[in-house]
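Visitor: Protein chains in written order, with our numbering: chain A, 3 to 59; chain B, 456 to 699; chain C, 51 to 276.
If you are wondering where the hints come from, they were derived from the structure by calculation, not from laboratory data.
Positions of the beta carbon are idealized from the N, C-alpha and C atoms, including for glycine.
Among the hints, erroneous ones may be present.
[Unchecked claim] When the alpha-carbon atoms are kept at most 20 Å apart in a straight line, the in silico SDA-like pairs for lysine to any residue are as follows:
(1) C:K211 with B:S599
(2) B:K542 with A:A55
(3) B:K698 with A:A55
(4) B:K698 with A:G7
(5) B:K542 with A:E57
(6) B:K691 with A:A55
(7) C:K127 with B:A603
(8) B:K651 with B:Q505
(9) C:K127 with C:V112
(10) B:K691 with A:E58
(11) B:K691 with B:D502
(12) B:K542 with A:E58
(13) C:K127 with C:L93
(14) B:K651 with B:K542
(15) B:K698 with A:S10
(16) C:K127 with C:L210
(17) B:K691 with A:H37
(18) B:K698 with A:T50
(19) B:K542 with C:R272
(20) B:K462 with B:G482
(21) B:K698 with A:P20
(22) B:K698 with A:F22
[Said to hold, decoys possible] Under 7 Å between C-beta atoms, here's a sample of chain C residues computed to sit facing chain B:
(23) L206
(24) G209
(25) M226
(26) V269
(27) A270
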Amino acid sequence: MTANGFWSMGGYARYVWPCFAFAIVVLAWNLVSAHRYLAAARVRAARTMAMAAAEET
Amino acid sequence: MWNWFYKLASPPYVFGVAAAFVPWLLGVAALTLGYGLIDGLAIAPPDYQQGDAFRMIYVHVPAAMLSLTVYVVMAAASAVALIWRIKVGHAVAAAAAPIGASFTILALVTGSLWGRPMWGTYWAWDPRLTSELILLFLYVGVMSLRSAFEDPSRGDRAAALLATVGVVNVPIVHFSVVWWNSLHQGATIVRLGAPKIAGSMLWPLLSMWVGFMLFFAAVLCIRLQGEVLNRERQAKWIREAIKP
Amino acid sequence: MRVGLWEAFGLIVRRELCLSFRRPDQLSQPLVFFLIVTTLFPLGLNLQLSLLRDMAPGVLWVAALLSSLLSLEALFKSDADDGTLEQLALSGQGLNVIVVAKTFAHWLVTGGALVLVSPVVGTALGIPVGAFATMMLSLGLGTLTLSWLGAIGAGLTVGLKRGNVLLSLIVLPLAMPLLIFGAAATDRAISGVSPAGALYFLAALCVFTCTLAPFAATVALRITLE
Numbered sequence: 003m004t005a006n007g008f009w010s011m012g013g014y015a016r017y018v019w020p021c022f023a024f025a026i027v028v029l030a031w032n033l034v035s036a037h038r039y040l041a042a043a044r045v046r047a048a049r050t051m052a053m054a055a056a057e058e059t
Numbered sequence: 456m457w458n459w460f461y462k463l464a465s466p467p468y469v470f471g472v473a474a475a476f477v478p479w480l481l482g483v484a485a486l487t488l489g490y491g492l493i494d495g496l497a498i499a500p501p502d503y504q505q506g507d508a509f510r511m512i513y514v515h516v517p518a519a520m521l522s523l524t525v526y527v528v529m530a531a532a533s534a535v536a537l538i539w540r541i542k543v544g545h546a547v548a549a550a551a552a553p554i555g556a557s558f559t560i561l562a563l564v565t566g567s568l569w570g571r572p573m574w575g576t577y578w579a580w581d582p583r584l585t586s587e588l589i590l591l592f593l594y595v596g597v598m599s600l601r602s603a604f605e606d607p608s609r610g611d612r613a614a615a616l617l618a619t620v621g622v623v624n625v626p627i628v629h630f631s632v633v634w635w636n637s638l639h640q641g642a643t644i645v646r647l648g649a650p651k652i653a654g655s656m657l658w659p660l661l662s663m664w665v666g667f668m669l670f671f672a673a674v675l676c677i678r679l680q681g682e683v684l685n686r687e688r689q690a691k692w693i694r695e696a697i698k699p
Numbered sequence: 051m052r053v054g055l056w057e058a059f060g061l062i063v064r065r066e067l068c069l070s071f072r073r074p075d076q077l078s079q080p081l082v083f084f085l086i087v088t089t090l091f092p093l094g095l096n097l098q099l100s101l102l103r104d105m106a107p108g109v110l111w112v113a114a115l116l117s118s119l120l121s122l123e124a125l126f127k128s129d130a131d132d133g134t135l136e137q138l139a140l141s142g143q144g145l146n147v148i149v150v151a152k153t154f155a156h157w158l159v160t161g162g163a164l165v166l167v168s169p170v171v172g173t174a175l176g177i178p179v180g181a182f183a184t185m186m187l188s189l190g191l192g193t194l195t196l197s198w199l200g201a202i203g204a205g206l207t208v209g210l211k212r213g214n215v216l217l218s219l220i221v222l223p224l225a226m227p228l229l230i231f232g233a234a235a236t237d238r239a240i241s242g243v244s245p246a247g248a249l250y251f252l253a254a255l256c257v258f259t260c261t262l263a264p265f266a267a268t269v270a271l272r273i274t275l276e
């Protein structure tokens with residue numbers, strides 16, 4: 003496939019490239035959102051541990 | 456021999472296993488997705504009918520297959536949690552729901568973009584498209600129901616029941632092209648008999664499908680860790696687990 | 051004192067009907083809503099009766115769905131609020147029987163009433179008299195299925211603050227196949243083609259739901275009552 007043909011996708015470029023772009027966005031969102039969720043859960047768990055430790059003393 | 460199976464019901468074990476698997480799953484997913492994209496976009500020959508537009512298959516079909524698979528995973532985990540009262544099941548279901556919903560949206564949007572040049576329309580009230588849209592509503596319903604309860608464990612159980620009831624829609628989505636006269640094409644891979652697609656086009660598609668599955672497993676593991684932490688905040692093993 | 055299964059069923063159905071008829075205004079509200087919604091479409095679209103006929107099955111079914119949803123919240127709510135539901139659950143009679151009886155009684159006063167009123171609405175939308183039998187049969191089967199789907203949803207959302215909206219969000223996706231086949235059956239009857247296929251499918255959906263939904267609704271109630 004030629005370099006030109008790759009970008010124009012046989013004339014369908016305005017459907018094919020937004021399609022793949024949206025796919026990358028969804029995959030990226032999944033990763034980012036999952037990491038943020040885990041980080042927030044860690045913070046909350048650490049806070050609960052700290053409160054429990056404070057209560058014990 | 457089945458000891459590992461029983462261990463899966465233990466939150467600290469699942470937490471540890473999930474954390475360990477993530478880098479491997481992401482690594483292999485990156486490889487398979489990379490190969491699939493390069494082969495699918497540049498090397499596979501254009502279709503004689505659809506030209507280069509058919510390349511949208513390489514994201515649309517894996518997304519659609521995953522949207523159904525993830526729902527089945529969510530429903531199975533929910534059923535296990537309800538029947539045998541295994542809390543880890545609720546964590547898996549809660550982790551899977553947003554991932555599945557995002558894949559459903561991806562399938563609908565990429566399908567719509569593919570439909571415009573091929574069928575002449577961005578949308579049609581066709582059995583396959585309509586049942587996939589219903590699947591999205593079911594995902595949203597499960598997530599909304601879970602968050603509507605103040606008591607998280609009651610929310611988990613209510614959402615689990617809804618997820619189990621809604622699994623009825625999954626075979627409807629899959630068989631809709633068989634049972635009704637649909638605009639959408641019939642089953643090409645998941646069917647009895649040889650696949651109805653050329654080999655040079657099939658390999659990148661299978662690679663993308665495997666890549667998406669591994670990616671889902673990786674993201675599920677990350678979210679699952681968060682869900683387990685949220686449900687086990689009071690437990691003693693957390694202290695060691697969140698040290699680093 | 052233990053009563054037989056059918057006796058318990060009959061007692062609860064009679065109780066529900068008594069309670070419903072004691073509040074005739076609450077009984078008629080979903081029906082009035084049904085009539086009003088079906089009026090909105092012709093007013094908004096400003097079509098001749100012959101053109102309205104094409105849309106009539108869809109309009110009828112959407113209106114029936116929406117008015118059923120309105121009344122579904124009341125299925126368990128008042129009993130849950132004053133503690134009767136817990137007493138019934140503890141009564142030693144299986145919760146299944148209670149759920150089946152309450153849902154059946156609910157269908158009689160909502161869906162059943164809708165079916166009886168539908169000829170009036172059908173005439174207003176231009177549906178020919180020959181299609182009335184199919185229309186009423188499809189509405190009957192459909193509203194029964196909907197009452198059962200709604201029982202699951204009501205069981206899950208009883209006691210929630212904004213349960214009504216969530217109830218619709220849960221029930222409507224499950225009810226979409228119903229809408230498709232119900233409207234198709236009436237549509238075929240209007241154009242003179244045999245509606246048998248769609249009616250059989252509707253009946254199959256109804257039997258499937260009536261068989262499995264009681265279990266799901268009972269589990270749902272147990273989850274909320276615990």
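Visitor: Quick one: which hint numbers does this structure break? Sort them smallest to largest.
Guide: 2, 4, 5, 9, 11, 12, 13, 14, 15, 17, 20, 21, 22, 24
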